[in-house]
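Engineer: Chain by chain, the residues:
Number of protein chains: 4
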Amino acid sequence: MSTEYFRDISKIPYSPSAGPRDVLCFKHYNASEVLHGRTMEEWLRFSVCYWHSFCGTGADPFGFPTLQRPWNEGGSPMDIAKKRLHAAFEFFTKLGVKYYTFHDRDMAPDGATLEESNRHLDEMTDLALELQKQTGVKVLWVTCNLFANPRYMNGASTNPDCHVLAYAAAQVKKGLDVAKKLGAENFVFWGGREGFHSIYNTDVAAELKHMANFFKMAVAYKEKIGLKCQFLIEPKPKEPCKHQYDYDAMSVIGFLKQYGLDQHFKLNIEPNHTTLAGHSYEHDVVMASVFGMLGSVDSNTGSPDLGWDTDQFPMDIRNTTIVMKTVIEMGGLQPGGLNFDAKVRRESTDPEDLFIAHIGAMDAFARGLRNAVRIIEEGVISGMLKERYLSFTEGIGQKVDEGRATLEELEEFIKQNGEPKVTSGKQEKYESIFNHYL
Amino acid sequence: MSTEYFRDISKIPYSPSAGPRDVLCFKHYNASEVLHGRTMEEWLRFSVCYWHSFCGTGADPFGFPTLQRPWNEGGSPMDIAKKRLHAAFEFFTKLGVKYYTFHDRDMAPDGATLEESNRHLDEMTDLALELQKQTGVKVLWVTCNLFANPRYMNGASTNPDCHVLAYAAAQVKKGLDVAKKLGAENFVFWGGREGFHSIYNTDVAAELKHMANFFKMAVAYKEKIGLKCQFLIEPKPKEPCKHQYDYDAMSVIGFLKQYGLDQHFKLNIEPNHTTLAGHSYEHDVVMASVFGMLGSVDSNTGSPDLGWDTDQFPMDIRNTTIVMKTVIEMGGLQPGGLNFDAKVRRESTDPEDLFIAHIGAMDAFARGLRNAVRIIEEGVISGMLKERYLSFTEGIGQKVDEGRATLEELEEFIKQNGEPKVTSGKQEKYESIFNHYL
Amino acid sequence: MSTEYFRDISKIPYSPSAGPRDVLCFKHYNASEVLHGRTMEEWLRFSVCYWHSFCGTGADPFGFPTLQRPWNEGGSPMDIAKKRLHAAFEFFTKLGVKYYTFHDRDMAPDGATLEESNRHLDEMTDLALELQKQTGVKVLWVTCNLFANPRYMNGASTNPDCHVLAYAAAQVKKGLDVAKKLGAENFVFWGGREGFHSIYNTDVAAELKHMANFFKMAVAYKEKIGLKCQFLIEPKPKEPCKHQYDYDAMSVIGFLKQYGLDQHFKLNIEPNHTTLAGHSYEHDVVMASVFGMLGSVDSNTGSPDLGWDTDQFPMDIRNTTIVMKTVIEMGGLQPGGLNFDAKVRRESTDPEDLFIAHIGAMDAFARGLRNAVRIIEEGVISGMLKERYLSFTEGIGQKVDEGRATLEELEEFIKQNGEPKVTSGKQEKYESIFNHYL
Amino acid sequence: MSTEYFRDISKIPYSPSAGPRDVLCFKHYNASEVLHGRTMEEWLRFSVCYWHSFCGTGADPFGFPTLQRPWNEGGSPMDIAKKRLHAAFEFFTKLGVKYYTFHDRDMAPDGATLEESNRHLDEMTDLALELQKQTGVKVLWVTCNLFANPRYMNGASTNPDCHVLAYAAAQVKKGLDVAKKLGAENFVFWGGREGFHSIYNTDVAAELKHMANFFKMAVAYKEKIGLKCQFLIEPKPKEPCKHQYDYDAMSVIGFLKQYGLDQHFKLNIEPNHTTLAGHSYEHDVVMASVFGMLGSVDSNTGSPDLGWDTDQFPMDIRNTTIVMKTVIEMGGLQPGGLNFDAKVRRESTDPEDLFIAHIGAMDAFARGLRNAVRIIEEGVISGMLKERYLSFTEGIGQKVDEGRATLEELEEFIKQNGEPKVTSGKQEKYESIFNHYL
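So the protein sequences, as listed, match chains V, P, H and L.
Using our numbering, count along the first sequence one by one with no gaps and you end on 737.
Using our numbering, count along the second sequence one by one with no gaps and you end on 737.
Using our numbering, count along the third sequence one by one with no gaps and you end on 737.
Using our numbering, count along the fourth sequence one by one with no gaps and you end on 737.
Certain hints may be false.
[Unchecked claim] Taking lysine to any residue and the SDA-like style, the derived pairs with C-alpha atoms no more than 20 Å apart in a straight line are: (1) L:K480 x L:K508; (2) L:K523 x H:V503; (3) L:K685 x L:P650; (4) P:K393 x P:A505; (5) P:K685 x V:K685; (6) V:K508 x P:A505.
[As the list claims (entries may be wrong)] The calculated label-pair distances, taken between Cβ atoms and stated as ranges, are: (7) V:G702 x P:V721: 22 to 28 Å; (8) L:S331 x P:P408: 52 to 58 Å; (9) H:G318 x P:K437: 40 to 46 Å; (10) L:V721 x H:S309: 45 to 51 Å; (11) P:V721 x H:E415: 33 to 39 Å; (12) V:G435 x P:R703: 52 to 58 Å.
Keep in mind that the hints were calculated from the coordinates and are not lab data.
A virtual CB, placed ideally from N, CA and C, is assigned to each residue, including glycine.
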């Protein structure tokens with residue numbers, strides 16, 4: 300296919316001395332630059348999301364579509380799907396991003412029956428596979444859309460009607476086949492309709508059990524077909540449901556452990572979901588990492604003053620720094636990555652805005668990476684932390700740390716040693732030093 | 300001791316026909332009335348909290364104390380502590396509540412050393428035991444105050460300095476001894492300083508491990524001394540810390556399972572904490588109950604438009620109805636109860652306000668209980684729910700419910716049966732029927 | 300037209316003894332019953348909103364339409380518009396509600412040009428006028444939709460491009476003509492796109508001036524054509540914009556006074572918007588009333604734990620009681636009313652759910668009215684309030700109240716009289732008494 | 300003065316090449332450096348607040364004092380007050396800040412009577428005046444504490460008891476005298492208790508009138524004594540009250556205009572209060588500036604995930620940049636300034652933490668200033684904005700801008716010109732360019 304959708308834009312260059320007006324070049328992201336033992340590309344593992352950037356229309360609950368995309372017009376649904384895929388690969392290539400993510404129903408239009416939908420998906424993934432080979436772009440993760448079709452309005456795996464759950468199961472089975480076919484490195488479950496709007500009409504215990512059984516079937520099928528990718532659950536507290544079971548990182552971890560699923564899943568953390576759950580931006584990234592459960596990051600942002608998911612491109616350098624610090628400290632996100640689950644504002648109607656937004660976010664993460672590497676390599680903060688927890692490395696502290704102490708021993712310690720000394724937490728000092736690196 | 304602190308108030312009567320001005324009698328709570336197989340007293344298991352109602356001064360972050368209580372004035376700290384305890388038992392008795400809850404440091408003043416504090420506690424609990432025997436009032440739960448003393452400013456079991464952790468351990472050891480002595484039916488851990496203000500100066504992984512080890516030591520000591528009470532953790536998302544590890548019910552459940560502690564603990568849910576975590580009033584009560592982890596309830600309320608813990612007396616009939624419906628459905632809260640972790644407003648300076656507030660809340664729960672019993676006994680809502688989930692009781696649904704189905708079978712079911720039918724969730728119908736009972 | 304859309308439902312009866320299952324009759328709302336000098340119908344002035352109940356599809360940001368309405372299918376846009384109008388009047392009549400509200404673009408489909416849109420509107424309002432005459436149903440208010448069309452994405456009266464403002468002006472001119480033609484009792488301005496998403500690209504001062512000038516033109520045209528209805532502004536803090544200029548009642552009052560518009564406008568308060576602005580449910584109703592600016596109420600509710608506009612049917616009796624108490628105390632809302640700017644949940648797919656939801660809400664308001672009348676007529680609370688502020692009715696208090704005192708006099712008063720006495724605010728007593736009436 | 304309280308710390312130097320560990324020198328703030336026509340000191344007009352930094356104890360609602368300050372120990376209340384003032388001036392001087400702010404009751408302890416309190420204040424302000432002369436440090440603003448004393452629990456100027464209002468009036472009279480004596484450049488009113496906890500026990504209309512009359516008396520007395528300073532009201536939405544009348548900038552502007560007070564007052568905006576009102580950090584600074592009402596800024600920050608006032612030191616460079624951009628565009632804040640209404644964390648117990656926190660915040664603002672100057676001087680963003688609103692500078696746009704257009708003309712314009720063209724809002728481009736300057 301010869302159509303070029305972004306004719307005015309060529310491959311995005313790296314140009315560190317560019318001025319403020321130059322919004323179509325990277326000023327910070329330099330894919331091949333090596334930092335702390337890896338290239339920027341290896342640390343950052345950026346991914347473009349298909350739904351926002353290629354299927355998004357700009358419609359919102361109060362307004363009609365605003366984004367007129369040439370690839371979304373003209374021809375049958377399958378024709379459009381193919382044009383869209385070509386446009387996307389043109390975009391990935393010009394932007395220089397090596398991964399993409401998609402829902403089954405983004406890639407291929409829903410058919411009148413499951414069988415037809417599956418045929419659509421077969422045809423489209425043939426094309427995707429070809430384009431992947433041509434360009435070297437890979438699938439960071441696939442997911443099934445189990446929330447947009449009206450059949451899922453009361454839930455997919457938690458629907459009170461098992462017929463709907465069965466439909467979702469059939470869709471996931473196909474999704475797993477697609478993941479294998481395209482070599483997806485991860486597979487995501489986002490439970491947008493797994494929750495409730497009203498406690499009055501909901502049997503929470505039954506729904507949680509069904510959701511767990513659903514995941515178990517997916518694990519079994521994954522193993523059966525020899526699919527190697529990492530399963531990920533993406534927490535979100537609410538929206539579209541009033542309450543979603545996968546509220547936040549700790550809720551999902553509790554659920555997985557309750558049902559014996561924690562060996563089979565990690566988490567895909569989206570900071571905009573984290574802030575909707577009442578936490579700070581980095582909270583779930585840090586918590587999931589601490590519990591060894593951080594699989595991937597949907598790198599976007601919301602507005603702290605808004606109570607819904609705005610999926611904005613992440614532009615805050617402090618936030619990107621703390622996320623990258625966590626990522627480096629755990630040795631990198633692979634096989635996960637930084638997926639831009641973000642959309643241009645519906646008012647950003649120019650095709651170039653798609654580029655500008657991604658470039659701005661990639662530069663923000665490149666700055667974050669650079670800052671994090673300096674913080675880690677200079678070791679000032681880690682040195683202060685080591686000092687702060689020093690008491691747990693010897694004597695009674697070591698016994699506590701290793702789980703060998705008793706209340707009686709600790710009481711005796713106090714009887715011998717009396718009141719502890721006062722130690723400043725020095726929060727402002729840590730903040731100032733952190734600011735030094737921004 | 301002969302001093303009567305609430306001279307103007309005699310035992311609170313039940314008087315169902317009393318008018319709006321009669322705020323010093325129960326219009327709904329009738330302790331001995333039998334509903335759904337138990338007395339109101341047995342279902343409701345009310346408890347008065349010692350700290351708010353007898354130690355509270357009305358100070359807030361912007362103002363000095365407003366509540367002048369005769370029992371808090373005159374004499375040495377121990378003299379005051381005794382007067383306070385007498386006042387409390389007078390209050391319990393006149394109000395007709397059979398349980399109370401307290402922190403170690405509410406009951407007895409801090410001494411200059413651990414040993415002195417413990418002696419204070421011994422002397423005060425001797426008196427408490429005597430008053431318990433005289434009045435029949437019992438301890439619903441004890442807890443240790445591990446947050447008010449400046450030594451705990453950076454955490455107790457999660458303090459970066461093991462010396463502080465040791466102090467907390469010594470205090471808990473004594474607290475467990477006190478629980479045994481007074482026959483407490485539960486023992487609560489509230490981790491107000493177990494969390495962080497800044498992620499920069501915090502080693503979350505180390506702190507969580509230390510907290511878990513701390514709990515394990517408490518379990519070991521409990522078993523050693525043959526203490527029979529139920530251990531409870533009380534979740535709270537934030538305040539005083541920016542983030543507390545025991546964020547909400549699911550966070551605590553996840554933590555307990557991670558560290559193998561879930562057999563030893565249940566949860567003490569405070570709805571004002573639940574709403575601060577971004578959930579609806581009843582959410583954590585319901586979730587904890589579903590997971591078999593609901594131990595007790597701190598029956599209070601906040602204001603949905605405020606972002607801090609206001610610990611108000613619960614007065615909303617819809618809320619008390621849904622809580623009591625959950626409680627009845629799980630067969631009652633015993634050995635837990637409904638503890639009024641609530642304080643009169645600092646502007647409610649009259650001694651009678653303490654009675655008015657408790658009476659209003661007890662009546663609100665009595666109405667909730669009555670409503671819940673009618674809802675359950677008439678069975679309209681439960682019948683609708685049973686119908687709603689009917690598909691899981693036979694055929695493929697039953698296999699899913701029992702964890703015996705596969706994705707392949709479910710796909711086959713869809714190939715045979717096609718699209719599910721549309722089923723209204725009927726939320727407004729449920730809401731209207733629920734309103735019918737209020 | 301002979302089609303009957305709600306065949307299974309006949310006129311909703313009043314049946315006070317109906318049971319919980321009877322959700323298709325009023326148990327509390329009795330239109331002709333006289334309370335406190337007026338009929339329920341006169342006090343409550345219910346209105347059905349056209350957009351949610353007849354144009355709503357159930358689509359949400361994560362899902363496709365769920366509500367299949369026979370009146371929305373088959374034929375040209377104008378054919379559908381007419382069927383929809385017939386369905387609506389059938390609904391109004393069966394429900395027994397005397398008012399409706401609509402946007403210009405709900406009533407008649409957008410045309411390719413302004414002129415065509417206006418012709419559509421002419422044709423549809425001819426039909427509406429005929430149906431109004433046949434049924435006696437009237438227009439509570441009209442409004443122009445200045446937010447859904449993509450042209451308004453950057454604002455209508457605050458758009459940086461005056462060409463868009465001009466379009467909005469043309470639309471409002473026609474809307475005012477329609478208001479006159481149909482005898483609308485009010486005209487509402489809701490500024491959903493009047494605000495910003497980013498302060499970086501916004502000239503707030505210019506936009507506010509343009510919005511004020513826009514309102515001035517509307518006032519001038521209203522006067523020119525002799526339109527008698529009340530102009531209303533509906534505050535909302537955010538959504539769809541990140542920030543909307545009409546944030547809440549006080550923001551709008553400040554704006555109106557700044558630009559000399561306060562004599563020409565009152566407010567249409569929607570409690571779901573009020574709670575999104577961080578206030579309690581009744582706050583803006585009360586504040587607008589205190590400032591003499593309460594024109595009408597969009598009687599709906601949100602969920603306090605959600606950060607977006609859910610437009611649920613109001614079912615909380617405490618809330619309806621406090622709103623009706625405010626309404627009675629100001630002598631009624633006329634020419635405003637209680638407009639159900641509420642939608643059935645997208646999962647409530649049965650046509651009867653539309654009836655159930657409205658009936659549930661009307662009953663909730665009827666209970667609120669009944670409670671409020673009892674509160675007012677028994678006078679217990681008002682008596683307590685009068686007593687509380689008694690000091691301002693004589694002596695130095697009266698001088699302060701009338702604005703005749705000075706700091707010097709008041710200082711002298713303190714020198715004579717010393718410290719004021721402590722007076723309990725007795726919040727729990729007020730709450731208990733209020734509960735008595737629920 | 301012989302006691303030196305901060306012995307280990309000498310005058311804070313400017314040392315741009317200092318490393319991350321050097322938290323006791325300025326790396327960015329260089330008082331005498333000229334930027335955009337003024338020195339940094341002139342643009343930034345920093346002020347230290349007396350209450351947090353010298354009276355603060357570290358007590359919080361869950362914990363006892365943690366901050367042991369030598370100046371708060373030993374001697375009578377007046378002795379302590381004097382030591383504290385000496386310590387403060389030592390701090391101001393070493394830090395190099397030229398302004399301070401205080402409440403009457405911070406400076407001098409409450410006496411048993413108004414007369415005694417006033418005598419304390421006379422004596423303390425004599426000393427303050429002397430220290431001001433010695434050091435050149437000046438008063439940015441004074442305010443009266445009308446919220447901490449229990450007498451104000453139900454409000455000061457809005458108290459239901461006029462006796463309390465009279466006390467507040469007497470206190471303000473003295474406060475104005477003090478302002479004159481010390482040459483305060485502004486006088487602030489913060490209405491922490493002017494609002495309500497319960498709408499049930501509150502006559503909002505009466506309270507607002509009394510508050511307005513109270514302000515009128517203050518204006519009259521100010522004029523009588525020839526006090527030249529600027530009156531400022533500081534908005535806060537809630538805390539300690541459930542609702543405060545001075546909710547946010549627009550609420551206060553509406554109130555002032557309603558009561559004819561807007562010529563006599565400007566606003567003192569605290570961003571931590573702005574975010575508690577549901578706005579973005581800079582919102583009220585921008586809105587007040589647009590309305591010509593920005594008088595001064597309490598430069599602090601909160602945590603977006605917390606619902607109470609944390610009064611943290613501002614460290615976010617993006618925030619300081621946007622505030623300084625607004626300040627420069629309005630020509631500077633004088634006679635207002637940037638007052639650090641911020642406190643070290645209660646865990647930051649080292650005396651040096653007071654310095655570290657102020658230095659970190661001053662550097663953050665110095666970076667913000669530098670960024671803002673570059674943004675303004677390079678003119679990229681302002682040029683884009685000018686272009687964006689160009690349509691209002693000629694033709695029909697100019698008529699709209701000047702208030703000379705009519706709906707009829709604008710309709711005619713649309714009939715001639717048809718649909719407006721689509722114009723991207725380019726938010727991400729603005730964000731990227733803004734980031735360029737950080």
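Engineer: Look at each hint and say if it fits the structure.
Structural biologist: Consistency of the hints with the structure:
1. Between K480 of chain L and K508 of chain L, the direct Cα distance comes to roughly 30 Å. Violation of the 20 Å bound is thereby established for this hinted pair.
2. Distance hint between K523 of chain L and V503 of chain H is unfulfilled; the C-alpha atoms sit about 38 Å from each other, more than 20 Å.
3. Distance hint between K685 of chain L and P650 of chain L is unfulfilled; the C-alpha atoms sit about 49 Å from each other, more than 20 Å.
4. Proposed proximity of K393 of chain P and A505 of chain P is contradicted: the alpha carbons are some 48 Å apart, above 20 Å.
5. In summary, the hint linking K685 of chain P to K685 of chain V is not supported, as the alpha carbons are separated by about 57 Å, beyond the 20 Å threshold.
6. With a CA separation close to 33 Å, the supplied pair K508 of chain V and A505 of chain P exceeds the 20 Å bound.
7. At about 55 Å, the CB distance of G702 of chain V to V721 of chain P disagrees with the hint of 22 to 28 Å.
8. Look at S331 of chain L against P408 of chain P: about 55 Å separates their beta carbons, and that is inside 52 to 58 Å.
9. For the pair G318 of chain H and K437 of chain P, the beta carbons lie near 42 Å from each other, so the given range of 40 to 46 Å is met.
10. A beta carbon spacing of about 50 Å between V721 of chain L and S309 of chain H agrees with the range 45 to 51 Å that was offered as a hint.
11. For the pair V721 of chain P and E415 of chain H, the supplied restraint of 33 to 39 Å holds, since their beta-carbon distance comes to about 36 Å.
12. Take G435 of chain V and R703 of chain P: their Cβ atoms lie about 43 Å apart, and the range 52 to 58 Å is violated.
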